[in-house]
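Build out the structure end to end from the sequences listed, making use of the hints.
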Amino acid sequence: MPEHATARGGVAPQPSLLERTKALHPLLNEQAPLAEAQGRLTDATIRALDEAGLFGFYMPRCFGGSELWPMEALEVIEALSYSDASTAWVAMALQVAGGTAAAYLVPSAAKEIFGERIPLIAGQGAPFGRADIVPGGYRLSGHYGYGSGALHSSWLHTGGLVHENGQPRTVPNTRNPDARIFITRTVDAQLKENWDVLGLIATGSVDYVIKDLFVPEEFTHWQNAKRPHQGGDLYRLGISGLSTSGHTGFALGVARRALDEIAALAVASKRPSPLAERRF
Numbered sequence: 000m001p002e003h004a005t006a007r008g009g010v011a012p013q014p015s016l017l018e019r020t021k022a023l024h025p026l027l028n029e030q031a032p033l034a035e036a037q038g039r040l041t042d043a044t045i046r047a048l049d050e051a052g053l054f055g056f057y058m059p060r061c062f063g064g065s066e067l068w069p070m071e072a073l074e075v076i077e078a079l080s081y082s083d084a085s086t087a088w089v090a091m092a093l094q095v096a097g098g099t100a101a102a103y104l105v106p107s108a109a110k111e112i113f114g115e116r117i118p119l120i121a122g123q124g125a126p127f128g129r130a131d132i133v134p135g136g137y138r139l140s141g142h143y144g145y146g147s148g149a150l151h152s153s154w155l156h157t158g159g160l161v162h163e164n165g166q167p168r169t170v171p172n173t174r175n176p177d178a179r180i181f182i183t184r185t186v187d188a189q190l191k192e193n194w195d196v197l198g199l200i201a202t203g204s205v206d207y208v209i210k211d212l213f214v215p216e217e218f219t220h221w222q223n224a225k226r227p228h229q230g231g232d233l234y235r236l237g238i239s240g241l242s243t244s245g246h247t248g249f250a251l252g253v254a255r256r257a258l259d260e261i262a263a264l265a266v267a268s269k270r271p272s273p274l275a276e277r278r279f
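Here the sequence shown is numbered in numbering that gives the first Met the number 0, starting from 0 and rising by one per residue.
It is worth saying that the hints were derived from the structure and are not from the lab. Just so we're clear, the structure is a prediction, and the values are computed from it rather than from any experiment. All residues carry an ideal CB built from backbone N, CA and C; glycine is no exception. Possibly wrong hints are sitting among the right ones.
[What the hints assert, rightly or not] Between beta-carbon pairs, the in silico distance windows are:
id : residue 1 : residue 2 : range
1  : 60        : 132       : 26 to 36 Å
2  : 189       : 110       : 22 to 32 Å
3  : 42        : 129       : 28 to 38 Å
4  : 49        : 189       : 41 to 51 Å
5  : 42        : 14        : 33 to 43 Å
Structure representation (structure tokens):
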């Protein structure tokens, strides 16, 4: 049933994606310390997100996703980040990478990746890599940071600058560099597991390295693509447009949780201040 469908014939309506997200709060809150201790989301969290449909909110409906509008997605991410910031960050990163790949890849590649079920796609879309044109595709190499969600992924979404005859190629009729996104299997990259930070530890935002990997043309799309092969007008926003609603929702949820935590602590009159004794 679509997210906003009305039940008929006495059948109870299914909870909306936002309602299902809010219902996960106790579990996500419980799993957060465990995830922080291991430096990645727990299996229980990943399973709960999957069962709730949270790995499909930016996915085209033709592949079983919800194809949420930006405001709806913002509210879902806000609810997630209120429960646990790392969980929300990973879900957002996976959805932007996966949803845009499903929309912008040509149909043959999109069906191969998304035809049976929604996979987890993570990675770094900034064009830090180099992609040399070869027959049928590209040879991609690069070292990438901030691969949020990569430890849970089966595919990577990776940026690179296209080179032709040893020189950077520009987009026709412009002086802009030809920056593309390359969708590759995670097993073809080397994950560094070097995420050693103070905050958002459980995002597992590791570095990864790709070395001289052949990527067929059909498994790439222009970084600034805004004309989807699959899905509707949502994808005319492009990667940056979809990312904006996710980042905004993330910030709102974290801020609201911080205010609520401070308000709960402020009712105590203990000295020294309980705020000094809490680890945030």
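Problem - Broken hints, by number - result: 4, 5
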